[in-house]
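Put together the whole structure using the sequences plus the hints.
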Amino acid sequence: MYEVSFHTIDPRKTFQENKRILGLFNNLEELRKNYLNFFDDEFYPISDWEVFDFNNCIAIFEREKEAILATNEVAKNALFMKNVGDRSLVPDVLPPMLLMVEVIE
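In the working numbering, the protein residues as written are 1 to 105.
Everything labelled a hint here was simulated from the structure, so no lab data went into it. There's no promise every hint is true.
[Unchecked claim] Taking lysine to any residue and the SDA-like style, the derived pairs with C-alpha atoms no more than 25 Å apart in a straight line are:
(1) K33 / N77
(2) K13 / R32
(3) K76 / E105
(4) K13 / N55
(5) K76 / V4
(6) K13 / N77
(7) K13 / F43
Structure below.
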């Protein structure tokens, strides 16, 4: 089974605490057809994201059992600008920065 999730980057929290599960998929073809449906115009416009080539992500995924499918460029830029002086500060209002897939056994 494959779990798709949004992740925020907050060093005060664990990897699991930074994760918001979006959906589970039984196979890679189902995942390929549906993972872009988690973006929407109101909250998560796809224009804010750099979506990586699915086949390249899956090649990484097969080795690592997880892969980044997309990164939120707006959130990355805002985090960089906010943290130029103090890298420990992470604003709670930032949108998710990563769309990831992981193997769930």
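Hints, one by one, checked against the model:
1. Between K33 and N77 the CA atoms are separated by roughly 29 Å; this puts the pair beyond 25 Å, and the hint is violated.
2. Straight-line distance between C-alpha atoms of K13 and R32 comes to about 30 Å, which puts the hinted pair past the 25 Å bound.
3. Restraint check for K76 and E105: not satisfied, since their Cα atoms lie roughly 31 Å apart, outside the 25 Å limit.
4. For the hint pairing K13 with N55, the CA-to-CA distance comes to about 31 Å; that exceeds 25 Å, so the pair is violated.
5. Proximity of K76 to V4 is assessed by CA-CA distance (about 20 Å); at most 25 Å being required, the pair is judged to hold.
6. Distance restraint check for K13 and N77: the Cα-Cα separation of roughly 20 Å lies within the 25 Å cut-off, and the hinted pair is therefore satisfied.
7. About 23 Å separates the Cα atoms of K13 and F43, which keeps this hinted pair within 25 Å; it holds.
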